[in-house]
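Visitor: Listed below are the residues making up each chain.
Number of protein chains: 2
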Amino acid sequence: MERKEISKSVLKRLPGYLAYLKTIPEGQSPYISATALANALGMGEVQVRKDLAMVSDGGRPKIGYNRMSLIDDIEQFLGYDNTTDAVLIGAGKLGQALLGYSGFDAYGLNILAAFDANPASETVDGKPILPISELESFCKANKVLMGIITVPAVHAQSVCDNLIACGIKAVWNFAPVHLEVPANILVQNENMATSLAVLSMHLQAQIKDKK
Amino acid sequence: MERKEISKSVLKRLPGYLAYLKTIPEGQSPYISATALANALGMGEVQVRKDLAMVSDGGRPKIGYNRMSLIDDIEQFLGYDNTTDAVLIGAGKLGQALLGYSGFDAYGLNILAAFDANPASETVDGKPILPISELESFCKANKVLMGIITVPAVHAQSVCDNLIACGIKAVWNFAPVHLEVPANILVQNENMATSLAVLSMHLQAQIKDKK
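One line per chain: the protein sequences are X and U, in this order.
Position one of the first sequence corresponds to residue 8 (our numbering), numbered consecutively onward.
Position one of the second sequence corresponds to residue 8 (our numbering), numbered consecutively onward.
These aren't lab readings, by the way, just hints derived from the structure by calculation.
Be aware that a few hints might be false.
Since the list gives no way to pick out one identical chain from another, each pair is judged satisfied if it fits inside one copy or across any two copies.
Below, in silico cross-link-like pairs of lysine-lysine (DSSO-like), each with a Cα-Cα straight-line distance of 27 angstroms or less [what the hints assert, rightly or not]:
#1 K100 to K134
#2 K215 to K150
#3 K57 to K100
#4 K29 to K100
None of the values given here were measured: they were computed from a predicted structure.
I would like the entire structure built from these sequences, with the hints used as guidance.
Guide: In C-alpha cells form, the structure reads like this:
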C-alpha cells in the first residue's frame with residue numbers, strides 16, 4: 008500500500024500490536040478484528056482501528072484482518088524485513104553489551120563491527136572491534152548507513168561528525184548529549200541516564216512522602 | 008537546596024552537563040560559568056543558566072560555579088549518589104545484557120538479581136537468576152523499590168502487576184507495550200524497537216529519494 012505520513016505515537020504502538028499478534032496460537036481463527044485487538048491490549052478501539060488502517064489495507068468489515076497478513080504488513084511498515092547494517096562507535100561496557108546482544112536481529116538490525124580509539128579486545132561474540140582509523144574505509148566498503156554512538160558524552164559530537172563524513176544517514180545515540188546534525192540526518196536518542204534519573208527522582212519523592 | 012519542580016527536558020540536559028564537567032582536567036580553574044558551559048556544549052546561555060539555577064545555588068556573579076560542587080549538586084539532584092536496588096524480570100538476551108552491564112553503577116543503579124519463569128543459567132556475571140516464584144520474598148526481604156521489565160510484550164502487564172504487588176514503586180519497561188499502573192507508580196519506557204523503527208523508516212525514505 009502507499010506509504011502515509013505517520014506520527015511517532017503510532018510508531019510506538021505498532022511493536023505492541025506485533026508482539027501480541029505473534030503470540031496468538033496457531034489453532035485460533037486466522038482473522039482478528041481491531042475490536043478484539045483493542046480489548047486484548049486494553050486500548051481504545053478507535054485508536055487501534057486508525058493505527059491498523061495506517062499500515063495495512065487488508066481490513067474487511069465484520070471479518071477484520073487476516074492475522075498473518077497483518078503481521079507482515081506491520082513488519083514491512085516498521086522495516087523489520089529490511090536488514091539494516093550498522094556500525095557501533097565506542098566499545099566500552101554499553102557498546103560491548105549492544106554488540107553482543109543478538110535480539111536486534113528480530114528488528115532487522117545487524118551491527119557489523121564496533122570501532123574504538125583503543126580497542127581492548129579484538130572481538131565480542133565474534134564481531135570485530137576495529138581501530139577508529141578504519142571507520143571510513145569500512146563504512147564505504149560496506150555501504151553502511153546507520154551508526155550507533157556509545158562513546159562518553161564529551162566525544163559524541165565529534166564521533167557523530169565523523170560518522171556523517173563516512174556517509175551515515177541515521178544515528179542511534181546512547182550518549183547523554185544533544186547532537187547537532189544536518190537536516191537530512193536523523194538522530195534517535197536513547198538516553199538511559201535520563202530514564203534512570205526520572206525513576207530515581209520518583210523514588211526519592213515517594214520515600215520523602217512516607218517520612 | 009530546596010527541591011523545585013523540574014521538567015523532563017531539564018532532566019534530559021543534566022547528564023550532558025555532568026559528563027562535560029567531569030572531563031575538564033584537574034589543572035584548570037576550579038570555577039566554571041554558565042556561559043563557558045553553554046559555549047563548550049553549543050547550547051543557549053540562558054537555558055544553561057536557568058538549568059543550573061534549578062539544581063544548584065552555588066553560582067556567584069562574575070565567578071560562576073565551583074566545578075566540583077556543581078558536579079556534586081547535579082549528581083545529588085539526579086539521585087546518582089543514592090544507590091537504588093532493582094530487580095530485573097526476564098533473563099532473556101536483553102535481560103542478561105542489562106544484568107551484566109556494569110555501567111549502571113555510575114547512575115546509582117544496582118540490579119540485585121534477575122527473575123525468570125525458566126532460568127536458563129544460575130548467574131550472569133555473578134548476579135543470580137532466580138525462579139519467578141521467589142520474587143515476592145526477595146523484594147520484601149531486600150526492600151526493593153525498582154523493577155526492570157525485559158520479558159516479551161505479551162507478558163509485560165502481568166509481570167508489572169506482580170511487581171507492584173511485591174512493593175515496587177518505579178518500573179523501567181523495555182517491553183514494547185503500554186503498561187497500566189496505579190497513579191503512585193512511575194513507568195519509564197525504553198522502547199528500543201520503536202527507536203529502531205524510526206531510524207529504519209528514515210533510511211527507507213532516504214533510499215527512496217535517491218531512486
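Visitor: Confirm or reject each hint.
Guide: Hint-by-hint comparison with the structure:
{"no.": "1", "hint": "K100 to K134", "verdict": "both (15 angstroms within a copy, 16 angstroms between copies)"}
{"no.": "2", "hint": "K215 to K150", "verdict": "between (53 angstroms within a copy, 16 angstroms between copies)"}
{"no.": "3", "hint": "K57 to K100", "verdict": "neither (41 angstroms within a copy, 33 angstroms between copies)"}
{"no.": "4", "hint": "K29 to K100", "verdict": "between (32 angstroms within a copy, 18 angstroms between copies)"}
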